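Protein sequences appear in the order of chains A and B.
Numbering-wise (the numbering used here), the first sequence opens with residue 111 and increments by one.
Numbering-wise (the numbering used here), the second sequence opens with residue 329 and increments by one.
Calculated pairs, BS3-like style, for lysine-lysine (alpha carbon to alpha carbon, straight line, at most 27 Å):
1. A/LYS132 with B/LYS433
2. A/LYS298 with B/LYS383
3. B/LYS383 with B/LYS350
4. B/LYS383 with B/LYS401
Derived DEER-like restraints, expressed as beta-carbon distance ranges:
5. A/LEU174 with B/GLU343: 45 to 53 Å
6. A/SER216 with B/GLY365: 34 to 42 Å
7. B/GLU336 with A/GLU335: 39 to 47 Å
Keep in mind that the hints were calculated from the coordinates and are not lab data.
Since the model is a prediction, treat every value here as computed from it, not as a measurement.
Where is the CB? At the ideal position from N, CA and C, for every residue including glycine.
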Amino acid sequence: MSSLPLNAAPFLQIEGLSVSFKTTVGRVKAAEDICFDLKEGQTLALVGETGCGKSVVASAIMQLLPHNASVQGRAVFAGRDLLALSEREMARIRGSEIAIVFQNPSLALNPIIRVGEQIAEMLQVHRGFSRSRSLRTAEDMASRLGLAERDKVRMYPFQFSGGMNQRVMIATSMILSPRIIIADEPSKGLDGPMTREVMAEMMRAKDQVGASLLLITHDLMLAREISDRMAVMYCGEIVEIGKSREVFAEPLHPYTAALLSCLPERGFQPIPGSSPSMIEPPAGCKFHPRCPVRQDMCMKGPKMVEVDDRGKVSSVNEGACREVRCWRY
Amino acid sequence: MLAVLKAEDVAKTYEYGLIFKKQHQVLQGISLEMEEGKTLGLMGVSGSGKTTLGKILAGLEKPSLGRVLFAEKDIWRLQGREFAAFRRRVQMVFQDPEGSLNPRKSIEASLHEVLGLLKIPSREWHDRTGDTLEMVGLSEELLCRYPAQISGGQCQRVVLGRVLLLQPRVMILDEPTSALDISVQAQILNLLKDLQKDLGLAYLLISHQPEVIRFMAHETIVIESGRSS
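Next comes chain A alone, as it looks inside the complex:
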């Protein structure tokens, strides 16, 4: 976890981001009114169950959504709204200023190109380096990420394990020293020890280049270990956001509390019911059909409110960095 101040100026500001997809069975509301900011050098974890819309947020920021997606809101980075940029402008930002590490390295890498060439390609495209110079830099970056032997960069992705391929993905995303790294489920498919090893390397490389990290994961333990702040998503909405240790110690939203109860150390207590449809989500608070403390007013959609350390609603701009979407606050 970084020791940077949590009240630093926002580096990336997401304001009212909503994404929906037109499908044959109806309009899927994948993300609704998403608001958060990522500060310089910090790590923000976006956590929630599979299918809650976490990866859609990342793809929307990078303008990587398919044509059937409809996007609203703003994603302000260095004074520019990323969602309003042309494809040509966005192509310059992708990789060089904001890099993304995808969740399945074996699919994200080209199987018939040597890994060293794939890392070096970033330098050739974005910095205009020659092939030999870019390969030397790629070798250097790969060795910093534990792929030290010279022969390693001459191998193909299918000759690597999942963990090694994930390191190649990290090297590819770090080589241009981006200011923001978006890691989409970087631990998926890796076992426990391998996850810790890969994430330690990613955090080391992130600190070396001084980047901010948006970590998208359903691994709550990983989020707790490495993030400064945590945003909890449920059915396309952020329901709670705050400092990771505070969210873990004292969850405010009933969904956050229920999710944390599923952890092994809290006895694998399941959340009753199942995740709702994103085509016809429940009216009002989307968690209310499964909520143990629901009230009549939960049928109306609560707004996100800032709360102080004692769980009381605080006035805006008092420096409170905990927000929750629940009528109880």
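Based on the hints, put chain B in the right spot on chain A.
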């Protein structure tokens, strides 16, 4: 209590190489006993031979040495109906629930396929399917959907439903929740516990997560480089 499934000094060696044959020993001298209503945890790092042992116990691979006994009979000496009965009573559940179901078959067709193989009269299929769905906590609305249209947790419940239709006595669970979210993992583990309580099933739970083993298992075996410790 009498062991339902037993392994005695099981060893497994794979041969490789086209011209110069080499041997790779995966398992060596493994003995274990599984009892009704009990869970035996099997732990070990990746590549230690856990899945190979699971497959040998399920009769999907033959041991190079040693014996696997089901109701005190060596499974590789069983023939005809006896071997078919062993296949029904000892079932394996794999890690990836979506990969365990045929993507071109609806959930209903996947469940009916099992009933067809068991030669159950088709007039009973509807009731049997309904009972099974209730047991694994799924609604009948899902029957017309395909694996890609339901969540990973729902897929794993369908897989368990297919297994339960066979009325097994032993289930080999190979990392049954490692591909699932923490919330779905909690649901499936609790469902497995309830099923064991109701039906007296014997489980072999393979996992690399100590906390899952601690939650589920009555006894634990750790495999290291193919040997139990």
